[in-house]
Amino acid sequence: MTKERIHNLFDKAKEIKPSEGFLSRTRARLYEEPLDHPRSQFFFESLHFGATQAGIYATAACAAAFIIYMSSSISVNEKQSVAMKRTEQIEDYKIDVTLKDARYYKEVAPNVFVVVSK
Amino acid sequence: MEDLDKELVRRARLGDKDAFAAIYEHNLPRIYRFIYFKTANRATAEEITQEVFLAALRAIPRYHDEGFLVSSWLYEIARNKVIDFYRSKKSDISIDEELEERPELTSTDFVKTMETKIEADKLKNLLKKLPEDYQNIILLRFVEDLSNEEVAHSLGKSLGAVRVLQHRALKALRKLVE
Chain D
1 MTKERIHNLF DKAKEIKPSE GFLSRTRARL YEEPLDHPRS QFFFESLHFG
51 ATQAGIYATA ACAAAFIIYM SSSISVNEKQ SVAMKRTEQI EDYKIDVTLK
101 DARYYKEVAP NVFVVVSK
Chain S
1 MEDLDKELVR RARLGDKDAF AAIYEHNLPR IYRFIYFKTA NRATAEEITQ
51 EVFLAALRAI PRYHDEGFLV SSWLYEIARN KVIDFYRSKK SDISIDEELE
101 ERPELTSTDF VKTMETKIEA DKLKNLLKKL PEDYQNIILL RFVEDLSNEE
151 VAHSLGKSLG AVRVLQHRAL KALRKLVE
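Same order as they appear, the protein sequences are chains D and S. Residues in the first sequence are numbered consecutively from 1, following the working numbering. Residues in the second sequence are numbered consecutively from 1, following the working numbering.
Quick caveat, the hints were computed from the structure, so don't treat them as lab data. Take these hints with a grain of salt, some might be off.
Dumping the calculated DMTMM-like pairs for lysine to aspartate or glutamate here, alpha-carbon to alpha-carbon at most 25 Å [unchecked claim]: (1) Lys17(D) <-> Glu132(S); (2) Lys17(D) <-> Glu76(S); (3) Lys12(D) <-> Glu25(S); (4) Lys3(D) <-> Glu178(S); (5) Lys175(S) <-> Asp145(S); (6) Lys81(S) <-> Glu15(D); (7) Lys17(S) <-> Glu32(D); (8) Lys17(D) <-> Glu51(S); (9) Lys17(S) <-> Asp3(S); (10) Lys157(S) <-> Glu132(S); (11) Lys129(S) <-> Glu119(S); (12) Lys128(S) <-> Asp11(D); (13) Lys12(D) <-> Asp133(S); (14) Lys17(D) <-> Asp145(S); (15) Lys17(D) <-> Glu150(S); (16) Lys6(S) <-> Asp16(S).
I would like the entire structure built from these sequences, with the hints used as guidance.
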């Protein structure tokens, strides 16, 4: 019962509202109030906000470009390392190749000692 | 809602009065209500409410976003303005100025308004018998439906302190109603 009465008091309290007259009077008063915001300050703050936004976008673009560059560079390195391994294998085995193959190895691994079989 | 609140504050900080007017219109009823229950009458509540929004308009360029709705900040200003009001020892003005202030009311509206006012006055009289902290907690938590976090931010108290105060305030109010 007590709980119900308290809830009822809270509900009724929520119905308290300012009058329309007061609302419009105060709104008018707020519009009359001079601000500490001269136009130049407004301009500079807008500019500052714009610059901050531009900075964020530029940073994001740089980060994206860096990631793309890094991933492509990694993939190039991977290709190079595969070629290196092949060259090393060729060097290790000193394989016997035909003349036709020797031309190919000469291009791919010019320093490899190739024994051309007869 | 939170995003809109933030956007309005951002624009108001840059001197956009329309944005501040939107903040004002959205928050006026709750700030007025909070002050109404803590002061003597409608006229005083209106006077202090206007002071709160004028102070907020002047201070908004220095507003620091702490992740709460702007209403928490406005309650903080309102609480301080009410303290200032009692410190300045302004005398109580006679209670009933309803019709003088609101000539637009029809007789049906008037009866309804008076019923609300009578019930609201009951709560106001009960609140007067409670310590200030209890009054604030009851108004913000149960009349304005703020979360514990928002109440804590508005009153400058820890979350734990708000929970304890809330429990004690309700207990005290229940005792008065019984």
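Could you work out which of the previously given hints the structure breaks and list their numbers from low to high? The structure conflicts with no hint, since it agrees with every one listed earlier.
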